[in-house]
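Participant: The chain contents come next:
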Amino acid sequence: SAVISQKPSRDICQRGTSLTIQCQVDSQVTMMFWYRQQPGQSLTLIATANQGSEATYESGFVIDKFPISRPNLTFSTLTVSNMSPEDSSIYLCSVAQGVSNEQFFGPGTRLTVL
Amino acid sequence: EDQVTQSPEALRLQEGESSSLNCSYTVSGLRGLFWYRQDPGKGPEFLFTLYSAGEEKEKERLKATLTKKESFLHITAPKPEDSATYLCASFSWGKFQFGAGTQVVVTP
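Going down the list, the protein sequences come from chains P and S. The opening position of the first sequence corresponds to residue 1 in the working numbering, with each subsequent residue numbered one higher. The opening position of the second sequence corresponds to residue 115 in the working numbering, with each subsequent residue numbered one higher.
FYI, nobody ran anything at the bench for these hints, they're computed from the structure. C-beta: ideal position from N, C-alpha, C; glycine also. Fair warning: there could be bad hints in the mix.
Where chain P lies over chain S, by a calculated footprint (3+ residues, C-beta under 8 Å) [claimed, not checked]:
no.: 1; region: 124-131
no.: 2; region: 151-160
no.: 3; region: 175-189
Distance condition first, Cα-Cα at most 27 Å in a straight line; then the derived DSSO-like pairs of lysine-lysine [stated by the list, open to error]:
no.: 4; chain 1: S; residue 1: LYS209; chain 2: S; residue 2: LYS156
no.: 5; chain 1: S; residue 1: LYS171; chain 2: S; residue 2: LYS193
no.: 6; chain 1: S; residue 1: LYS173; chain 2: S; residue 2: LYS156
no.: 7; chain 1: S; residue 1: LYS177; chain 2: S; residue 2: LYS193
no.: 8; chain 1: S; residue 1: LYS173; chain 2: S; residue 2: LYS209
no.: 9; chain 1: S; residue 1: LYS156; chain 2: P; residue 2: LYS65
no.: 10; chain 1: S; residue 1: LYS193; chain 2: S; residue 2: LYS182
no.: 11; chain 1: S; residue 1: LYS209; chain 2: P; residue 2: LYS65
no.: 12; chain 1: P; residue 1: LYS7; chain 2: S; residue 2: LYS156
no.: 13; chain 1: S; residue 1: LYS156; chain 2: S; residue 2: LYS182
no.: 14; chain 1: S; residue 1: LYS156; chain 2: S; residue 2: LYS193
no.: 15; chain 1: S; residue 1: LYS177; chain 2: P; residue 2: LYS7
Computed spacing ranges between beta-carbons, pair by pair [unchecked claim]:
no.: 16; chain 1: S; residue 1: ALA167; chain 2: P; residue 2: THR44; range: 45 to 51 Å
no.: 17; chain 1: S; residue 1: SER206; chain 2: P; residue 2: LYS65; range: 39 to 45 Å
no.: 18; chain 1: S; residue 1: GLU131; chain 2: P; residue 2: ASP64; range: 46 to 52 Å
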């Protein structure tokens, strides 16, 4: 199984600022995803991070608000831009690998926006 | 529209009291049905993948089964350490869709 780390693990930010979350995987993976999990709720897919091309965003999420980079097969970043209190959430990166598409998650980044 | 629905939302069990969690799905082109365990403040932990109706998988006190319309996660003789939120997710057309989860509390 893949080992995934995220930085930062948590942060408290002011309204209107931006935060970049890093996701590092210990092996090369093709599929990498970013999710949001709001308090007490399940996971919502933000986008699929594609290596060498633009990310594919889900309905309700846009590149200007959540720009994503994927410079190689082991690393990705998600930026939460111009934050508001509604962006307070846990942000998770995940990877899927193998013919079985098993998905593994990072520990998450807990973001609080004041 | 593809949907993944879990029931019940919450389940409180006595230690040793077996029960089942349900995951109903309406997904076109299903390539796998996944179960995860999530502890508070942590990312989901992979448990099982099921690919075809009739398939079953077991791990310790957990057993997952799959039909054409739903999946069940059976918890046999649970212990307090089985307390967690259990999530199911479908994989189709290159992406995962998660249900809302079942929060399980097992009391001694």
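Participant: Hints the structure violates: just list their numbers, smallest first.
Facilitator: 1, 3, 10, 13, 15, 16, 17
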